[in-house]
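Protein sequence lines correspond, in order, to chains E and X. Taken in order, the first sequence gives residues 1 to 442; the numbers are from the numbering used here. Taken in order, the second sequence gives residues 1 to 240; the numbers are from the numbering used here.
Everything labelled a hint here was simulated from the structure, so no lab data went into it. Note that the coordinates shown come from a computational prediction; the quantities given were computed from them, not determined experimentally. All residues carry an ideal CB built from backbone N, CA and C; glycine is no exception. Please note that the accuracy of each hint is not assured.
Claimed, not checked - Selected chain X positions facing chain E (in silico; Cβ < 10 angstroms): (1) S21; (2) L23; (3) V55; (4) Q59; (5) V61; (6) G67; (7) S68; (8) G70; (9) S78; (10) M97; (11) S133; (12) Y173; (13) N231; (14) D235.
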Amino acid sequence: MTYRNPPTTPRKSATFDDYTLSEIRRAAATGIYDIRGGGAKRKLPHFDDLLFLGASISRYPLEGYRERCDTSVVLGSRHAKKPIELKIPITIAGMSFGSLSGPAKEALGRGATLAGTSTTTGDGGMTEEERGHSKTLVYQYLPSRYGMNPRDLRRADAIEVVVGQGAKPGGGGMLLGQKISDRVAEMRTLPKGIDQRSASRHPDWTGPDDLEIKILELREITDWEKPIYVKVGGARPYYDTALAVKAGADVVVVDGMQGGTAATQEVFIENVGQPTLACIRPAVQALQDLGMHRKVQLIVSGGIRNGADVAKALALGVDAVSIGTAALVALGDNDPRWEAEYNELGTTSGAYDDWHEGRDPAGITTQDPELMKRVDPIAAGRRLANYLKVMTLEAQTIARACGKNSLHNLEPEDLVALTIEAAAMAGVPLAGTNWIPGKNTF
Amino acid sequence: MPATSKATRESHARVFDLDVSSLRELNQALHNLAPGSNETAWEVLHPKGSHSVAVGVDQPVSIDVRGSVGYYCGGMNSGSAITVHGSAGPGVGENMMSGSITVKGDASQYAGATGKGGLLVIEGNASSRCGISMKGIDIVVHGNIGHMSAFMAQSGNLVVLGDAGDALGDSIYEARLFVRGKVDSLGADCIAKEMRPEHLELLQGLLDRAGITGVKPSEFKRYGSARTLYNFNIDNADAY
Chain E
1 MTYRNPPTTP RKSATFDDYT LSEIRRAAAT GIYDIRGGGA KRKLPHFDDL
51 LFLGASISRY PLEGYRERCD TSVVLGSRHA KKPIELKIPI TIAGMSFGSL
101 SGPAKEALGR GATLAGTSTT TGDGGMTEEE RGHSKTLVYQ YLPSRYGMNP
151 RDLRRADAIE VVVGQGAKPG GGGMLLGQKI SDRVAEMRTL PKGIDQRSAS
201 RHPDWTGPDD LEIKILELRE ITDWEKPIYV KVGGARPYYD TALAVKAGAD
251 VVVVDGMQGG TAATQEVFIE NVGQPTLACI RPAVQALQDL GMHRKVQLIV
301 SGGIRNGADV AKALALGVDA VSIGTAALVA LGDNDPRWEA EYNELGTTSG
351 AYDDWHEGRD PAGITTQDPE LMKRVDPIAA GRRLANYLKV MTLEAQTIAR
401 ACGKNSLHNL EPEDLVALTI EAAAMAGVPL AGTNWIPGKN TF
Chain X
1 MPATSKATRE SHARVFDLDV SSLRELNQAL HNLAPGSNET AWEVLHPKGS
51 HSVAVGVDQP VSIDVRGSVG YYCGGMNSGS AITVHGSAGP GVGENMMSGS
101 ITVKGDASQY AGATGKGGLL VIEGNASSRC GISMKGIDIV VHGNIGHMSA
151 FMAQSGNLVV LGDAGDALGD SIYEARLFVR GKVDSLGADC IAKEMRPEHL
201 ELLQGLLDRA GITGVKPSEF KRYGSARTLY NFNIDNADAY
């Protein structure tokens with residue numbers, strides 16, 4: 001027998017991993033950056049890194065099915081003559097008609113209304129599907145101003161001035177030609193089939209001093225009736241929150257980098273902005289420093305999936321959370337039942353994110369008349385309502401275990417963190433210690 | 001009526017003196033107007049640079065503002081005819097739906113931003129970003145306009161009797177720009193276009209509506225979109 005040297009196991013680079021290599025090849029072949037929907041997919045410190053302590057000798061719990069645990073929240077009580085009251089502290093985030101189909105928008109409205117909460121328009125104006133089926137509708141005021149008009153402003157229940165979003169703080173909307181149907185084009189005053197790239201800045205104001213004047217105008221147009229939200233991406237949550245409050249906001253919405261988008265460059269989604277968990281305490285701190293915590297309400301979004309996430313966000317000082325991606329999944333997005341069709345598109349259920357291409361097998365992120373028929377607005381709305389109610393029950397279960405008769409009585413003291421990173425971001429002790437990194441010594 | 005009504009100056013005009021009444025009272029009174037109201041003439045005294053004067057009006061009344069205004073005068077106007085007897089701050093006529101706004105003096109930045117309809121006439125000069133993101137409004141400027149005007153302009157007409165600053169019509173969609181004087185530079189994807197008979201006719205109509213005489217459509221040049229950036233192409237990347 002001849003001697004052979006022991007073989008070397010092929011070794012792939014951690015830096016140049018398969019995904020990275022595929023992206024280099026794709027960019028070289030196509031000459032365009034990768035565009036996709038959704039939020040950051042990378043592993044990030046998140047609510048999973050926090051745990052509730054529950055009741056013990058020094059805290060006593062509430063009975064799970066007998067003792068009341070309030071879930072309602074009032075938004076806009078600072079200046080608005082007509083603040084909105086929601087039964088649950090989970091709202092539906094802004095998603096445009098255009099990125100979503102008409103039936104999908106209707107399903108969101110139906111589901112949210114059944115569950116006692118609000119939906120939000122998006123970068124495409126207000127549709128009858130959504131206004132007709134959402135009892136409480138938040139109307140977004142965006143840089144593009146597509147379809148913006150005073151009639152819709154007045155028939156909205158609240159106005160959300162969008163400065164940015166978590167998936168792309170500093171970026172504008174994007175809707176590619178495949179989805180610019182006749183109806184979408186008309187609502188946006190654009191030629192059919194073009195690649196629409198919205199402005200990233202508002203056309204008629206820049207900076208916090210202008211924002212204050214802009215908010216005054218919106219209040220004057222709507223006779224000071226509507227709550228005015230200001231939504232920012234998770235960039236500089238302390239200062240953005242403080243400046244929004246100074247500009248006169250009733251509600252501040254902070255969207256972390258796990259928050260989804262209809263379409264944006266992958267490089268933007270994964271590399272700009274902060275994780276949701278890192279945004280909450282600075283935003284709450286800004287409100288507390290201004291003496292405005294609970295007076296100006298704080299909504300946080302980006303990666304909220306279940307009642308535990310809701311409870312943890314509220315315990316950190318948030319008034320309500322908002323969901324987008326999870327709501328779409330409840331409607332049927334990425335459902336394994338369409339696996340064969342996902343495979344044809346070169347992907348798999350759970351990973352499908354080419355929402356901008358308009359070929360969504362689930363019929364949600366499309367303007368294709370045949371595909372959108374796959375969403376039954378009544379059945380999908382019911383699923384969303386079920387999901388929202390389950391999340392609420394889950395959050396109540398945790399709150400009662402912590403001895404709270406309202407979700408809003410949860411507090412940071414109820415939490416510990418599993419990792420040093422999460423402890424530092426959330427400002428709660430590392431489990432088993434009293435150490436809050438950055439606040440005290442181990 | 002919640003608002004303070006002072007003695008009328010002209011025949012039956014309802015007069016609001018902002019030295020006496022608040023901006024809130026003025027706008028609320030205008031919003032309270034019912035369709036067919038006979039209070040069709042309004043006059044606003046001492047605006048002194050107030051923001052949001054006569055915003056969100058949705059009845060066909062005339063409003064004479066005697067002095068200069070701050071931001072967003074006539075914002076989202078729907079059908080009223082507003083005349084500012086002075087200059088206007090940023091965003092005059094922003095998102096106008098219909099009706100008209102005439103500024104006797106100059107206008108600051110973003111005049112007519114995102115306007116969907118109606119006619120905005122600036123008798124003096126307009127600053128930068130005039131007609132930004134316009135979506136159907138017609139804007140006529142007697143004087144000059146500043147840089148980045150008609151940025152991302154989607155629809156409508158911008159007529160300038162004087163000169164235009166740098167980067168006119170950057171990333172323009174289907175709006176039409178008519179400039180009588182010189183243009184410092186054109187923005188990305190904006191080009192000079194042939195003035196065909198239908199454009200001369202359209203321009204004459206705009207000049208007539210703005211009450212301009214002694215100026216011929218043939219003195220203008222037309223600018224609009226080359227439409228090369230409508231769909232993404234990597235070889236255009238250095239155009240941005």
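Checked hints:
Taken as an interface hint, S21 (chain X) does not check out: its beta carbon lies about 14 angstroms from the nearest beta carbon of chain E, beyond 10 angstroms. Evaluation of the L23 (chain X) hint against chain E yields a held restraint, the C-beta minimum of about 7 angstroms falling below 10 angstroms. At a threshold of 10 angstroms, the smallest CB-CB gap from V55 (chain X) to chain E is about 5 angstroms, leaving the interface hint in force. At its closest, the beta carbon of Q59 (chain X) sits 12 angstroms from a beta carbon of chain E; the interface hint therefore is violated under the 10 angstroms criterion.
Among the interface hints, the one on V61 (chain X) is violated; its C-beta lies about 15 angstroms from the nearest C-beta in chain E, farther than the 10 angstroms criterion. Among the interface hints, the one on G67 (chain X) is violated; its C-beta lies about 18 angstroms from the nearest C-beta in chain E, farther than the 10 angstroms criterion. Nearest Cβ of chain E to the Cβ of S68 (chain X): about 15 angstroms, over the 10 angstroms cut. The hint is violated. The interface hint given for G70 (chain X) is met, as the beta carbon of that residue sits about 7 angstroms from the closest beta carbon of chain E, less than 10 angstroms.
Of the supplied interface hints, the one on S78 (chain X) holds, with its beta-carbon coming within about 6 angstroms of a beta-carbon of chain E, less than 10 angstroms. Taken as an interface hint, M97 (chain X) checks out: its beta carbon lies about 6 angstroms from the nearest beta carbon of chain E, inside 10 angstroms. At a threshold of 10 angstroms, the smallest CB-CB gap from S133 (chain X) to chain E is about 4 angstroms, leaving the interface hint in force. Given hint, Y173 (chain X) at the interface with chain E, holds; its Cβ is 6 angstroms from that chain's nearest Cβ, closer than 10 angstroms.
Checking N231 (chain X) against chain E: minimum C-beta separation of about 5 angstroms stays under 10 angstroms; hint holds. The interface hint given for D235 (chain X) holds, since its Cβ lies 8 angstroms from the closest Cβ of chain E, which is under the 10 angstroms cut-off.
Checked against the numbered hints listed earlier, the structure breaks hints 1, 4, 5, 6 and 7; every other hint is satisfied.
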